[in-house]
Amino acid sequence: MGSKAVKVIDVEIAKPLMAIEHLAEYKSVQALIRLHNVPLGYLRMDLARGHLTLSALRRNIYDKFQTLILQHLLSDNLAAPRPEDNSIADLLEAPHADFRGGSLPLITVAVCTRDRTGNLTLCLDSLSRLTYPSLDLLVVDNAPGSDSTEQLVRAKFPNVRYVCEPRPGLNWARNRAVHEARGEIVAYTDDDVTVDEWWADALAAVFAENADVMAVTGLVVPFELETEAQNLFERYGGFGRGFQRKWYRVDGRSQERVATLHAGAGKFGTGANMAYRRALFDRIGLFDPALDVGTVTNGGGDLDMFFRVLKEGFTLVYEPNAIVRHRHRRSYAELRTQIKNNGIGFYSYLVRSATVYPEERFALLRFGLWWLWRWNIRRLLISFARPRRFPRDLIIAELLGSFVGLGRYPKARRSAARIGRSFDSLAPIESVKERVTF
Numbered sequence: 007m008g009s010k011a012v013k014v015i016d017v018e019i020a021k022p023l024m025a026i027e028h029l030a031e032y033k034s035v036q037a038l039i040r041l042h043n044v045p046l047g048y049l050r051m052d053l054a055r056g057h058l059t060l061s062a063l064r065r066n067i068y069d070k071f072q073t074l075i076l077q078h079l080l081s082d083n084l085a086a087p088r089p090e091d092n093s094i095a096d097l098l099e100a101p102h103a104d105f106r107g108g109s110l111p112l113i114t115v116a117v118c119t120r121d122r123t124g125n126l127t128l129c130l131d132s133l134s135r136l137t138y139p140s141l142d143l144l145v146v147d148n149a150p151g152s153d154s155t156e157q158l159v160r161a162k163f164p165n166v167r168y169v170c171e172p173r174p175g176l177n178w179a180r181n182r183a184v185h186e187a188r189g190e191i192v193a194y195t196d197d198d199v200t201v202d203e204w205w206a207d208a209l210a211a212v213f214a215e216n217a218d219v220m221a222v223t224g225l226v227v228p229f230e231l232e233t234e235a236q237n238l239f240e241r242y243g244g245f246g247r248g249f250q251r252k253w254y255r256v257d258g259r260s261q262e263r264v265a266t267l268h269a270g271a272g273k274f275g276t277g278a279n280m281a282y283r284r285a286l287f288d289r290i291g292l293f294d295p296a297l298d299v300g301t302v303t304n305g306g307g308d309l310d311m312f313f314r315v316l317k318e319g320f321t322l323v324y325e326p327n328a329i330v331r332h333r334h335r336r337s338y339a340e341l342r343t344q345i346k347n348n349g350i351g352f353y354s355y356l357v358r359s360a361t362v363y364p365e366e367r368f369a370l371l372r373f374g375l376w377w378l379w380r381w382n383i384r385r386l387l388i389s390f391a392r393p394r395r396f397p398r399d400l401i402i403a404e405l406l407g408s409f410v411g412l413g414r415y416p417k418a419r420r421s422a423a424r425i426g427r428s429f430d431s432l433a434p435i436e437s438v439k440e441r442v443t444f
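Using this note's numbering, the first residue of the sequence shown is number 7, and each one after it goes up by one.
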């Protein structure tokens, strides 16, 4: 274990708190502070010989989260059947306001995977512990090199359906999930993720309470921070997008291009934690198989779908109560490859959007240039003045990936077309609608 290892834990403050002990191999702990399962934020605390006293834990929580705790408890009290003006102590007795309106939708949870049974086992174990009562669990095995995934699912997870999608590419697998889904909602997570016990409940509540919402993303927190590479990924930005619910919809009366407001689609979340109404795909088409893992673009499929949801006039919600835990790359070499692929995938997505939506091209070009300067070149220049702030070679890797990504989408599109033709004996799965006409 490296000297930079940080112990990742959850602390539920509605339950009796306990001192943190027996962590001698760690110098610090990162706690996800929760109240009634609702995440309030992170708390990073140093350990003294692997120990943190109960009083110190209470003090740190109070100092950072007292306002959020009080707001949460007041909200619960106001939502109670007979809200009263009680003392703060009495607020603790108010029941937490969960969703109680009408029937909950059937959710198809799709895990798209390829030859990673070790990761997949942890993921499916966590899915088996979900509290949500109306689930359809599905594994889509994408162009597998062996039958190991099928054998795992059939032997150890009889509650999970297995399908094989032979067309290679993550978005082909995502599209197959839509085709196979039994639920009104299709929720996606990755095989290197474990889902929180209440993940599906949080997703379902947003859809059930808001008929106009077509897409929901959620909070992605680290599963572990055991290596320098994993800590660097969090410092680089990670996958988390905050602890407040956010609503996104483009006003049809606005004269601004959607790309002016939302070209930076990474702010909405990530493909490891996203869900859609199945009916949405009838309106805007399926995932573009020329994007994401398994193609030369290496990513961008989730960003493209987020952008299209807003472009076609629908609502997307970021719901931090829907939590998954991502297993970040443990080695520096893996991290560097991931960062480079982030650049390739992001600019491939921008090129795809400019190809399909010509009226957005100027706004996309302007954003692409701004992002190249702000996120890549500017940070590279800062690294010469502050060389210890972040490894320069990671910044250079993403910068190079960004330039590479500008030319990858046309090549990937031709490859996807060839794959589609070579598997034309299969039941057709429409890949993507270029435009939508209402």
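Derived from the structure by calculation, the hints contain no laboratory data. Just so you know, not all the hints are guaranteed correct.
[Stated by the list, open to error] Using 27 Å as the maximum straight-line C-alpha spacing, the simulated DSSO-like pairs for lysine-lysine come out as follows:
#1 33 <-> 13
#2 252 <-> 162
#3 10 <-> 70
[To be verified] So the derived label-pair ranges between C-beta atoms look like this:
#4 57 <-> 417: 27 to 35 Å
#5 216 <-> 376: 41 to 49 Å
#6 288 <-> 250: 28 to 36 Å
#7 337 <-> 417: 49 to 57 Å
#8 406 <-> 337: 31 to 39 Å
#9 376 <-> 399: 49 to 57 Å
#10 76 <-> 157: 20 to 28 Å
Beta carbons: idealized from backbone N, C-alpha and C, even for Gly.
Going down the list of hints, with the structure as the test:
1. 33 <-> 13: Given pair residue 33, residue 13 holds - Cα atoms ~8 Å apart, limit 27 Å.
2. 252 <-> 162: violated (38 Å)
3. 10 <-> 70: At roughly 24 Å apart (the allowed maximum being 27 Å), residue 70 and residue 10 satisfy the hint.
4. 57 <-> 417: 27 to 35 Å: Taking Cβ atoms as reference, residue 57 and residue 417 lie about 55 Å apart, which means the hint is violated.
5. 216 <-> 376: 41 to 49 Å: violated (32 Å)
6. 288 <-> 250: 28 to 36 Å: Since residue 288 and residue 250 have Cβ atoms about 31 Å apart, the given range 28 to 36 Å holds.
7. 337 <-> 417: 49 to 57 Å: Roughly 29 Å apart at Cβ, these two residues miss the hinted range, so it is violated.
8. 406 <-> 337: 31 to 39 Å: For residue 406 and residue 337 the Cβ distance comes to about 20 Å; the hint is violated.
9. 376 <-> 399: 49 to 57 Å: Violated, since residue 376 and residue 399 (Cβ atoms, about 24 Å apart) do not stay within the stated range.
10. 76 <-> 157: 20 to 28 Å: violated (52 Å)
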